[in-house]
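Novice: Below are the chains, spelled out letter by letter.
Protein chains: 2
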Amino acid sequence: MTKDTIWYILMTDSHSLIMARVREGNKKEELVKAAKYLFMTEGINQVSISKIVNKAGVAQGTFYLYFDSKDEILDAVAENISQDILRNVQHIAEDDVLNAFEKLGNIKKMFFDFLLSTDEVILHFHGEEHAKAHDRLAEAINRQLLPVFKDIVWQGNQEGIFNTDYPDEAAEFVLAISGASHSLNIEDKKAVKRWVSAADDFLIKGLGVKELDTRH
Amino acid sequence: MTKDTIWYILMTDSHSLIMARVREGNKKEELVKAAKYLFMTEGINQVSISKIVNKAGVAQGTFYLYFDSKDEILDAVAENISQDILRNVQHIAEDDVLNAFEKLGNIKKMFFDFLLSTDEVILHFHGEEHAKAHDRLAEAINRQLLPVFKDIVWQGNQEGIFNTDYPDEAAEFVLAISGASHSLNIEDKKAVKRWVSAADDFLIKGLGVKELDTRH
Chain R
296 MTKDTIWYIL MTDSHSLIMA RVREGNKKEE LVKAAKYLFM TEGINQVSIS
346 KIVNKAGVAQ GTFYLYFDSK DEILDAVAEN ISQDILRNVQ HIAEDDVLNA
396 FEKLGNIKKM FFDFLLSTDE VILHFHGEEH AKAHDRLAEA INRQLLPVFK
446 DIVWQGNQEG IFNTDYPDEA AEFVLAISGA SHSLNIEDKK AVKRWVSAAD
496 DFLIKGLGVK ELDTRH
Chain W
296 MTKDTIWYIL MTDSHSLIMA RVREGNKKEE LVKAAKYLFM TEGINQVSIS
346 KIVNKAGVAQ GTFYLYFDSK DEILDAVAEN ISQDILRNVQ HIAEDDVLNA
396 FEKLGNIKKM FFDFLLSTDE VILHFHGEEH AKAHDRLAEA INRQLLPVFK
446 DIVWQGNQEG IFNTDYPDEA AEFVLAISGA SHSLNIEDKK AVKRWVSAAD
496 DFLIKGLGVK ELDTRH
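These protein sequences, in sequence, are chains R and W. Going by the numbering used here, the letters in the first sequence line up with residues 296 to 511, in that order. Going by the numbering used here, the letters in the second sequence line up with residues 296 to 511, in that order.
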């Protein structure tokens, strides 16, 4: 065996290993994507594992390579949704054109669009049997959102749009108030609208926003 | 048997039944009281079931009449603590001498005294294995506190101390911000103090408090 041959084997091996991993990753991802779509469009109870594998175009056995149960893929879907939320928040936070006030407004809009589009999956996680998964998710989201919110409040202070002596803590309060939307019955559109106005009012005052037309 | 005898028997029976219930209730209560004291003074891990029954002055078998495990009596202790918090909040809320601002201030003080005195029990419930019990408790506390907070905000609006167009929602935000104290490391006294000032600042602004010396 020449040196070249060894290299060739090593490279081919690692290449197929990598490709196998990519394929594996894709199948899992396809399953989560399919489950997410079905849960959101047909409702969690209406969706069976066979429906998910059909939609994903994989064999039933493949499902059990990655998940033990429907509940487990539901956890993965929730994780996936929270990753989407985080990605969107980060995208808004990194937009250089927006001032801090606009950033918060865009995040709020995105957040409510998400809440309304994924409500069944989200509501499902408020059941007692999902308390652990829900807590873990909410904590993960909050932990990752907090630094982004802190940056925005600091930016707003620097821009002179916000006026708070406690930017870091204020970011926590913004997050806490956003989290209070949990208690909303999102089917009651009027209550949701009122809640959003109330939250705007409280946050605008709490952050010391001044001289903005949006205030009144 | 005369009518009187029947009455006598009935009354004696129901009397002993009631007394038996009172004794039962007392033993359970004694166990919870003992466990609470021990958890708070010695730490949860240091306390065994035999220590609890010794302190309560009951037989080990009596413990298992009411609880299956140490974890179960821990749930009861947490429930008991939350009842104490609620009772104290209600006591403050019903004090006719206090204005709305003083009520919120007193509740805050009570809350932090509680947090600092029961911290190990409370922190324990933040472990993942207690997510369910913690969620249930936090939800129960919030559900019972919310109407009290709403009353206080409405009172403040009427007194002209608060100025918010959304008193009901504002009460939810006050509650949400109080709940954000969860993330505090209560051993870091400086951070706790700063957090309390920050929350005061945010709530005072958010509720539209005006012309109070406490504002600055």
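Just so you know, these hints were derived from the structure itself, not from any lab. Some clues are possibly wrong.
One copy or two, it doesn't matter: identical chains are merged, so the pair holds either way.
As the list claims (entries may be wrong) - In silico DSSO-like links for lysine-lysine, alpha-carbon gap of 27 Å or less:
id : residue 1 : residue 2
1  : K403      : K445
2  : K488      : K445
3  : K485      : K445
4  : K328      : K485
5  : K445      : K484
6  : K403      : K350
7  : K403      : K328
8  : K350      : K484
9  : K505      : K346
10 : K485      : K403
Only a predicted model underlies this, so the values are computations on that prediction, with no experimental measurement involved.
Novice: What label fits K488 with K445 when the C-alpha limit is 27 Å: within, between, both, or neither?
Specialist: both (26 Å within a copy, 19 Å between copies)
Novice: First find the shortest C-alpha distance between K505 and K346 inside one copy, then the shortest across copies, and answer within, between, both or neither for a cut-off of 27 Å.
Specialist: Neither. Shortest intra-copy (53 Å) and inter-copy (59 Å) distances fail the 27 Å Cα cut-off.
Novice: Cα distance capped at 27 Å. Does K485 pair with K445 within a copy, between copies, both, or neither?
Specialist: Result: close only across copies, 20 Å inter versus 31 Å intra.
Novice: Could you place K403 and K350 in one of the four classes (within, between, both, neither) given a Cα distance threshold of 27 Å?
Specialist: Answer is neither: 32 Å inside a copy and 53 Å across each miss the 27 Å cutoff.
Novice: With identical chains treated as interchangeable, where does the CA-CA distance between K328 and K485 reach 27 Å or less: within a copy, between copies, both, or neither?
Specialist: Neither, since 32 Å and 46 Å both go past 27 Å.
Novice: One pair to classify: K485 and K403, alpha carbons no more than 27 Å apart. Within, between, both, or neither?
Specialist: within (17 Å within a copy, 32 Å between copies)
Novice: Evaluate K445 and K484 at a C-alpha cut-off of 27 Å and name the case that applies: within, between, both or neither.
Specialist: between (30 Å within a copy, 22 Å between copies)
Novice: Could you figure out if K403 and K328 sit no more than 27 Å apart (CA to CA) within one copy, between two copies, both or neither?
Specialist: Classified as within; 25 Å inside a copy, 46 Å across copies.
Novice: When no copy is named, should K403 and K445 be tagged within, between, both, or neither for a Cα gap of at most 27 Å?
Specialist: both (15 Å within a copy, 25 Å between copies)
Novice: Could you figure out if K350 and K484 sit no more than 27 Å apart (CA to CA) within one copy, between two copies, both or neither?
Specialist: For K350 and K484, the Cα distance exceeds 27 Å both inside one copy (32 Å) and across copies (54 Å).
When each numbered hint is compared with the structure, violations occur for hints 4, 6, 8, 9.
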